[in-house]
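Just so you know, the sequences run in chain order Y and F.
Going by the numbering used here, the first sequence wraps up at 179, each residue one higher than the last.
Going by the numbering used here, the second sequence wraps up at 283, each residue one higher than the last.
Just so you know, nobody snuck in bad clues.
Mimicking BS3-like on lysine-lysine, the simulated pairs with C-alpha atoms at most 27 Å apart in a straight line are: (1) Y:Lys80 - Y:Lys106; (2) Y:Lys140 - Y:Lys130; (3) Y:Lys139 - F:Lys59; (4) Y:Lys80 - Y:Lys139; (5) Y:Lys80 - Y:Lys14; (6) F:Lys23 - F:Lys34; (7) Y:Lys44 - F:Lys76; (8) Y:Lys14 - F:Lys76; (9) Y:Lys106 - F:Lys59; (10) F:Lys59 - F:Lys76; (11) F:Lys59 - Y:Lys140; (12) Y:Lys130 - F:Lys51; (13) Y:Lys169 - F:Lys31; (14) F:Lys29 - Y:Lys139; (15) Y:Lys87 - F:Lys51; (16) F:Lys34 - Y:Lys158.
What the hints contain is simulated information worked out from the structure, not anything from laboratory work.
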Amino acid sequence: MAEENLLASIRAGKSESFRKIYVEYFGMVRYMIINNSGTEEEAKDIFQEAMVVLYEKANEGNFELSSSLKTWIYAVCRNKWLKQLEKKKKNYRFTDFEEFDAVEEKEEENISVHETLRANLNRLGVGCRKLLLLFYYFKKSMEEIAVDLNYTNADNAKAQKYKCIQKLKALYATTVQND
Amino acid sequence: MIDEAIYEQLDRYFHSAMNEQEKSAFESKMKTDKELREELDWLNNMLGGMKSRGRSVMKQMIANAISGIPSGEVAKYRPSVNGKSFLKKYWVAITVAVVAVSVAIAVYAYMTRHVNPPHEGEDNAMDVVPVKDSSLDSCMDVMSARPSEGANADSFTMKDETDSNQARTEDVIVKMSHVTKPVVYYGVDSPGKTQPTITGGYGWQGEQQQQVAMKTTMIQGQPPYTYELTDKLILKSNYTTTAGFVFTGKGDTFYMTDNSKQLFMLLKGRGELPLTPMKPSMK
Chain Y
1 MAEENLLASI
11 RAGKSESFRK
21 IYVEYFGMVR
31 YMIINNSGTE
41 EEAKDIFQEA
51 MVVLYEKANE
61 GNFELSSSLK
71 TWIYAVCRNK
81 WLKQLEKKKK
91 NYRFTDFEEF
101 DAVEEKEEEN
111 ISVHETLRAN
121 LNRLGVGCRK
131 LLLLFYYFKK
141 SMEEIAVDLN
151 YTNADNAKAQ
161 KYKCIQKLKA
171 LYATTVQND
Chain F
1 MIDEAIYEQL
11 DRYFHSAMNE
21 QEKSAFESKM
31 KTDKELREEL
41 DWLNNMLGGM
51 KSRGRSVMKQ
61 MIANAISGIP
71 SGEVAKYRPS
81 VNGKSFLKKY
91 WVAITVAVVA
101 VSVAIAVYAY
111 MTRHVNPPHE
121 GEDNAMDVVP
131 VKDSSLDSCM
141 DVMSARPSEG
151 ANADSFTMKD
161 ETDSNQARTE
171 DVIVKMSHVT
181 KPVVYYGVDS
191 PGKTQPTITG
201 GYGWQGEQQQ
211 QVAMKTTMIQ
221 GQPPYTYELT
231 DKLILKSNYT
241 TTAGFVFTGK
251 GDTFYMTDNS
261 KQLFMLLKGR
271 GELPLTPMKP
281 SMK
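Using the sequences provided together with the hints, build the complete structure.
Given below as structure tokens:
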């Protein structure tokens with residue numbers, strides 16, 4: 001029940017939930033990474049990335065922990081650190097300190113296109129960028145966005161979103177043409 | 001150009017906010033509307049870029065959230081599994097396996113050195129086939145024994161030198177295969193008391209039953225007395241021979257063995273010979 005509450009808090013993106021998880025489980029992640037050729041900084045980086053995955057999973061709606069949150073965090077951090085180790089070294093011996101279940105992570109496709117779009121997103125104005133991110137990544141409703149970004153109402157926010165998309169599309173088309 | 005209303009539909013489609021009927025109608029429309037399909041592809045890529053950007057923002061937010069927490073507040077961690085690399089994970093199983101294999105090897109070594117296994121099939125090097133004349137088998141049996149040098153051996157003791165000072169082992173057919181170095185030891189249990197002699201032997205080769213002479217040469221004149229079967233035919237594989245050896249020495253126990261453990265000879269005395277089965281003491 002405590003973990004369900006924590007997940008609900010993570011779904012809402014509350015800072016307090018991330019702090020709680022950090023206090024509880026960062027020691028485990030740090031121990032695993034430092035004892036597998038890593039550093040404290042690398043451990044923090046991996047931990048933060050795992051929290052991002054947790055946030056996204058929690059917002060997918062169908063996310064259920066098959067084991068404990070601790071086990072899940074260990075498995076995700078382990079996967080991420082293994083990928084980094086593979087990039088760094090050809091041969092290594094990985095040592096585990098926890099039992100864990102396999103956690104699948106989808107490989108991203110069209111990474112180059114995404115990176116181009118991401119660059120174009122940075123060229124949009126701050127208002128447009130925030131609006132699109134709040135709607136498409138943070139899954140906020142138009143009503144919430146209108147409040148957050150000081151639009152008079154949700155319809156205005158919706159109209160603005162459409163304009164931002166067209167602007168982004170134009171920027172992308174220009175970039176592709178220039179390439 | 002895709003208008004705002006269609007974009008609202010696209011958003012609802014991506015956010016799985018359509019009911020089945022709406023979704024089906026929208027997908028049907030997409031099949032025929034190329035512009036809509038292209039817009040959907042573009043939007044799909046845009047979402048990928050948005051995700052990439054959103055992750056960076058989220059990661060920074062998390063970093064900010066945890067940045068002020070002193071390291072002392074982080075709960076101390078004790079591993080549930082103490083270093084689970086392959087060796088560490090399975091060290092108990094590996095240790096048990098190594099000990100079990102060692103014990104098995106030690107027992108096997110002890111058995112092969114101290115107890116003669118059944119005569120047939122020692123190391124698959126040879127089979128022993130008794131001669132058809134079974135009346136000759138009764139006087140002397142071969143006992144499992146160990147010569148002083150510790151190799152496999154058969155033994156017998158000369159009972160009465162006056163009756164005969166000869167013991168012949170020609171009643172035994174010994175099938176030898178893949179024998180590469182058939183040095184045969186003959187030892188006595190009372191060193192210096194008696195020097196056994198071997199006058200030679202004879203045998204047959206394979207199915208053709210070709211009789212061949214078998215010569216022996218003493219290569220060590222002190223106990224354990226050692227003779228080497230020098231006939232070259234004995235080195236051939238699947239060689240079948242009978243050995244006709246002569247021993248002397250009343251009361252002496254003779255051991256017959258080999259140094260390569262590839263040759264194992266079963267001795268059976270002739271009925272009329274004064275040979276008494278005996279199990280010599282283990283030395």
